[in-house]
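Please construct the entire structure, taking both the sequences and the accompanying hints into account.
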Amino acid sequence: MTLLYILAFVLLCIALNQLFKVFELSRDLRGDKLYKTTDSDNKFNGRAMLLFMFIFFGFFIWQVDTYSYRLLPKSASEHGYLIDSLMNANYVLVVLVFFVVNGFLFFFAWRYHGTKDRKAEYIVHNNKLEMIWTIVPAIALAFIIIFGLKYWNEIMKRNNEANPIKIELYAKQFDWTARYPGADNEFGIDDYMQIDGSNSVGLDTLDTRCKDDILVKNEFHIPVGREIVFQFRSRDIIHSAFMPHFRAQMNCVPGQITSFRFKPVVTTAEMRKDAHVIRNINEINEIRSKRGEDAIDFDYLLLCNKICGASHYNMQMKIVVDTEKDYIAWLMKQKTFKPIAKK
Amino acid sequence: MEHNTHAGVIEGHNLHDHAHAHDHGDHHETFVSKYVFSMDHKVISRQFLITAVVMAVIAMVMSIIFRLQLAWPGEKFAFIEALMGRKWGADGILNPNAYLALVTIHGTIMVFFVLTGGLSGTFSNLLIPYQIGARDMASGFLNMLSYWFFFISSTIMLSSLFIEDGPASAGWTIYPPLSALPEAIPGSKLGMTLWLISMSLFVVSSLLGSLNYIVTIINLRTKGMTMTRLPLTIWAFLVTAILGVLSFPVLFSAVLLLIFDRSMGTSFYLSDIYIGGKPLEQVGGSPILFEHLFWFLGHPEVYIVILPALGITSEIIATNSRKPIFGYRAMIGSMIAIGFLSFIVWGHHMFMTGMNPFLGSVFVFTTLLIAIPSAVKAFNYITTLWKGNIQYTPAMLFSIGLVSSFITGGVTGIILADSTLDITIHDTYFVVAHFHIVMGLSAIFGMFAGVYHWFPKMFLRMMNKKLGYLHFWTTFLGAYGVFFPMHFLGMSGVPRRYYTNSNFPLFDNLLDINQFVTMCAIFAAFAQVIFLINFFYSMFRGEKANQNPWKSNTLEWTNPVAHIHGNWPGALPEVHRWPYDYSKPGHAEDFVPQTVALALDEHDGGEH
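Here the protein sequences line up with chains R and X, keeping their order.
In terms of our numbering, the first sequence opens at residue 1 and continues consecutively.
In terms of our numbering, the second sequence opens at residue 1 and continues consecutively.
No lab work stands behind these hints: they were computed from the structure.
All the given hints hold, so there is nothing to weed out.
30 Å max Cα-Cα, derived DSS-like pairs, lysine-lysine:
1. 119/R - 36/R
2. 21/R - 33/R
3. 318/R - 74/R
4. 457/X - 21/R
5. 387/X - 466/X
6. 166/R - 150/R
7. 457/X - 119/R
8. 36/R - 387/X
9. 21/R - 551/X
10. 42/X - 21/R
11. 116/R - 43/R
12. 457/X - 34/X
13. 551/X - 33/R
14. 21/R - 544/X
15. 278/X - 318/R
16. 551/X - 36/R
17. 211/R - 166/R
18. 157/R - 325/R
19. 116/R - 551/X
20. 76/X - 290/R
21. 217/R - 338/R
22. 544/X - 43/R
23. 551/X - 43/R
24. 36/R - 457/X
Some chain R residues near chain X, calculated using beta-carbon distances under 8 Å:
25. 41
26. 59
27. 71
28. 112
29. 312
30. 316
Computed far set for chain X versus chain R, every beta-carbon distance over 12 Å:
31. 30
32. 63
33. 190
34. 201
35. 227
36. 242
37. 266
38. 344
39. 523
40. 559
Note that CB positions come from ideal geometry on N, CA and C, so glycine has one too.
What follows is the structure, encoded as structure tokens:
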């Protein structure tokens with residue numbers, strides 16, 4: 001049977017070869033120059049360019065229309081509004097340029113498709129035109145740079161508020177631990193040599209400030225309306241703390257402490273009532289029920305956003321934004337750090 | 001062999017009367033010296049091209065495998081087990097480490113082996129001697145070494161796919177400590193060692209090639225070929241080679257320090273690490289140092305990838321619009337500006353690393369400046385089409401495709417370059433969309449354009465036009481279908497390099513976007529089969545080429561349709577004008593080759 005297949009395949013190859021030979025012979029005998037573009041080729045491809053433009057622009061508009069409600073909901077942090085407004089302004093500009101410049105390209109590609117009876121115009125350069133399209137982008141970019149840097153400086157500024165909440169996010173393969181400084185409002189110093197089962201984030205047990213530090217896993221809470229100063233550490237490799245709903249991100253680098261601050265302005269409960277969020281969650285739950293999975297509710301998330309190994313895709317922690325009262329009540333219930341002192 | 005080594009020597013004794021010395025049979029070349037260890041730039045160019053095609057096919061198949069995982073996580077695909085083996089694809093499901101390995105090697109192959117080695121290697125080698133009117137490269141021997149280092153480097157990279165713990169899997173940027181610690185990920189065992197060795201050899205190849213390109217362009221231009229009469233392809237290759245020479249050694253230093261950290265206990269990049277159940281001794285290093293070193297190469301690298309493609313496009317758009325390239329000097333100026341700026345923008349990859357925010361501000365400024373020369377280039381291409389008489393060869397289609405993807409991917413760069421906006425989209429699919437469109441698509445379109453256009457110079461035959469059209473339109477549609485929707489994934493907060501997004505219920509309703517992307521990717525991959533058939537069929541059985549099939553002005557079309565040792569049978573051609581006299585008034589034909597002398601009242605370079 002196999003032999004028959006092989007035989008059939010070989011015969012097919014021979015037949016195809018003969019067919020191509022006939023084609024090549026007739027091509028060479030007639031002396032056609034098949035590679036040469038004809039007027040009808042040019043017309044066809046010119047039209048295809050224009051058609052492509054409509055398909056492309058239509059595809060873009062369709063995506064904006066169908067996907068936009070799935071994008072991140074409104075910012076849950078104060079500075080996020082700055083980012084979102086700047087982002088929207090940039091999108092307007094960028095989309096405009098996208099349409100206009102691609103539009104010119106495809107329009108010209110169609111309009112000036114070649115014909116035998118025409119000759120191109122000998123145009124070498126035009127200083128005026130070139131000045132215009134150097135200066136106009138330069139001015140537009142100046143605005144982008146100025147606003148970008150203005151907001152960047154505001155977001156990265158230290159010491160916005162006198163008494164911020166301090167939280168440390170500690171990353172390791174493949175989970176997160178949040179640490180609160182406790183009653184003394186000061187973090188104890190860390191020492192990676194002391195890491196063991198009872199001291200998973202590597203605190204220096206000799207530092208008395210550690211004694212009241214609070215360590216939590218799986219989820220951590222933050223109060224609405226208070227500034228949170230995060231410091232980030234990593235036990236092993238580079239991770240990145242990404243909190244997309246808060247428009248916040250910072251790498252966690254071993255051997256180094258990095259930081260980021262933001263003020264949450266929307267509690268988890270409030271965000272669950274947001275129309276945009278409800279629409280998405282309903283859609284997600286519909287999909288999940290079809291797969292026989294439990295329904296979920298909206299939650300803020302901390303994700304790892306720097307490739308960190310096999311379970312990188314699953315390195316997450318839930319964030320809950322509470323009212324200050326609920327936050328304090330939650331914090332009171334958490335255990336403080338109790339290491340087994342080393343000798 | 002004695003003619004083979006030094007183009008300068010050939011030129012010296014052979015300008016006029018020794019033409020016959022270049023006919024076949026005069027010197028005894030064996031198969032090995034002619035096709036394997038050849039020092040002829042035309043052969044080396046083809047060697048680079050074929051190697052790059054093989055590497056590109058491998059990297060593309062990898063992308064299809066991991067795209068299947070992203071679209072249908074947990075679905076069983078029998079062929080995945082067949083291809084990847086039981087360890088990496090048990091029951092037809094890709095395992096997470098294998099996923100990361102594929103992503104890493106896909107990126108590495110595409111960026112370095114296809115778009116750097118393949119693109120520059122093929123077209124710099126083919127076109128530099130041809131278009132400047134030289135017998136060969138300045139050093140044929142170094143040129144040969146450049147290819148064989150590239151070949152060994154490719155082989156080592158591919159061999160790492162077959163070892164027990166799998167190839168490097170820390171992402172193509174191989175940030176330590178992930179890449180430094182074998183405990184962190186299996187790919188950082190032998191796989192990473194092979195990656196580092198392979199890349200070191202790649203740097204050698206790149207340097208040998210680039211130095212040769214620079215020297216050849218500066219020293220071996222034929223009579224009359226001034227710098228401002230060079231085709232823009234050559235300018236692009238020159239700037240690219242300079243970028244390569246200045247930046248690849250820095251990659252090498254980064255790699256070397258990583259090798260030390262991995263095997264000699266140094267701590268350049270390591271500090272305060274507890275892994276595999278024990279603390280490491282290394283203290284005081286910083287992974288941020290690696291990021292600085294890596295991106296000091298990494299950013300110029302994206303221009304090393306894109307500039308040759310832009311050069312190729314400039315030439316093809318002018319030829320097929322039957323019009324001079326608009327703003328020749330502005331094009332050169334923008335290339336030099338882009339090249340210069342590319343060295344002072346690397347920090348925009350590092351806004352979120354904890355680098356000082358003030359330093360971030362500086363990089364925002366320099367990065368956004370690059371938009372200006374880039375915009376000038378895009379506008380100049382479009383204006384070249386304006387009032388042209390466009391001949392739609394497959395090469396022309398791909399060139400226009402390049403301009404479109406350069407615009408579409410370029411504008412999202414404005415968003416990513418803004419540190420404020422980068423906070424939310426850094427390392428998300430928005431970035432993946434951006435660089436695949438602006439760098440991946442543009443460069444590969446440029447490469448396709450170059451292959452279709454210069455196929456007659458490489459293989460003395462023509463590629464099939466109709467298949468070329470089909471290839472372009474299916475690729476163009478498929479490619480935008482793959483990468484455009486990724487912007488929306490990124491804006492929804494989906495991080496890169498996730499094995500599956502379904503571990504976050506929050507991303508469940510984005511799965512249909514991923515499925516659409518994967519289907520487009522499969523469609524686009526099949527489109528490449530059309531190209532491969534056309535390419536290999538035409539190589540042996542295509543229509544025979546004539547001397548100047550595209551009615552082009554540049555020097556490579558003035559020599560006969562044959563691979564002559566020394567390129568021109570008689571004296572080297574003499575150049576009298578710039579290469580863009582298309583449709584010049586006062587001439588009967590719509591092109592005037594560079595070898596045609598200026599008339600008495602005629603000005604050169606479009607001067608009136």
